[in-house]
Amino acid sequence: ILSWDSGIEMNLHGPYYAELLGKRRERNRSLAKMEASMQAGKIINARHLVYHVGPYGEYDPGTGANEQVANIFSGIVDRVGEIWGEQDEDAYTAFPWISEQEPSLVGIETSGRQELWGTVEEVLEVCNHVEGTVPVLNIGHIHARGHGSMRTSEDYAELFDMVRENYGGSKFYCHFAGIEHRMGNALHYTQIKKSDLKFEPFAEFLAEEGDWMDITIISDSPLLEHDAMYMMQHYDKARQRLMEIRARDERRIKLAKESGLTPEELELLEQEAADARMREEIEDSKPAKATAKEPSKMMSFDTAEDDDDLF
Numbered sequence: 001i002l003s004w005d006s007g008i009e010m011n012l013h014g015p016y017y018a019e020l021l022g023k024r025r026e027r028n029r030s031l032a033k034m035e036a037s038m039q040a041g042k043i044i045n046a047r048h049l050v051y052h053v054g055p056y057g058e059y060d061p062g063t064g065a066n067e068q069v070a071n072i073f074s075g076i077v078d079r080v081g082e083i084w085g086e087q088d089e090d091a092y093t094a095f096p097w098i099s100e101q102e103p104s105l106v107g108i109e110t111s112g113r114q115e116l117w118g119t120v121e122e123v124l125e126v127c128n129h130v131e132g133t134v135p136v137l138n139i140g141h142i143h144a145r146g147h148g149s150m151r152t153s154e155d156y157a158e159l160f161d162m163v164r165e166n167y168g169g170s171k172f173y174c175h176f177a178g179i180e181h182r183m184g185n186a187l188h189y190t191q192i193k194k195s196d197l198k199f200e201p202f203a204e205f206l207a208e209e210g211d212w213m214d215i216t217i218i219s220d221s222p223l224l225e226h227d228a229m230y231m232m233q234h235y236d237k238a239r240q241r242l243m244e245i246r247a248r249d250e251r252r253i254k255l256a257k258e259s260g261l262t263p264e265e266l267e268l269l270e271q272e273a274a275d276a277r278m279r280e281e282i283e284d285s286k287p288a289k290a291t292a293k294e295p296s297k298m299m300s301f302d303t304a305e306d307d308d309d310l311f
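Counting in my numbering, the sequence shown runs from 1 upward without gaps.
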């Protein structure tokens, strides 16, 4: 109720362990646990219900496994719709969003281990074939499965360009946390500062190219609130740096017009001036050379050889 009144979006993660590609018994056990999360999602007005698929089991990576996953999630989407469509006047009174909101979207999360179904390509293919599903990009899992692939803002640009080209839309749902990994497999989450997966390149990408994106980022860190605030701070810093760069470029263009130069010519002059200042600072920082001491002009009574001097 509080989140509804406050305009806070709620999301719910289903069971972390699943075997949807396993044998009938394992699959039914996983679906039973997912059923409970679907019921809870209705109660809390979850906008996304996020699920894992689990190991490939008897399937090889490829079309066969993807078709089986698509069939299973088609049934899950139908079940979510049925749960939201169940008539209960008392529930409508207590939870007004049940009649005012659309059913939860079913999120399919990327996996972080080689033996688990869930590469970015696999998730996008299934989501393209099953209406009501959305890809959930777990950046830590993608980084681990790619042997530490998410290191620069360009890496993020390539990832989101691929998602946009293959899935479409501007809405994205992501998980982020530091992660320990080895040989293409995620081991466990860790706080961002202790991981080789840094948030700064992601923040830089969002600041530069995120205007067209409607993105939700969930902290998966062991330090949930701490790293959530850490990510917010770094995003704000990236936005501030970008604004400063744009303001400087606008000033350069204005000065170039006033001086009759092109922006490129003005930038070249500024660079030459900066280089000159740097050379002056280097020269000023060098220690002064010591001058040779001039010989004294006072009369000396010492001779080079004094045979009478006993001492």
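Hints in this document: simulated from the structure, not taken from any laboratory. Treat each hint with caution, since some may be false.
To be verified - Straight-line alpha carbon distances no greater than 27 Å define the calculated BS3-like cross-link-like pairs of lysine-lysine that follow:
#1 237 x 257
#2 257 x 193
#3 198 x 237
#4 171 x 237
#5 254 x 237
#6 237 x 194
#7 23 x 33
| query | Which earlier hints can't be squared with this structure? | reply | 1, 2
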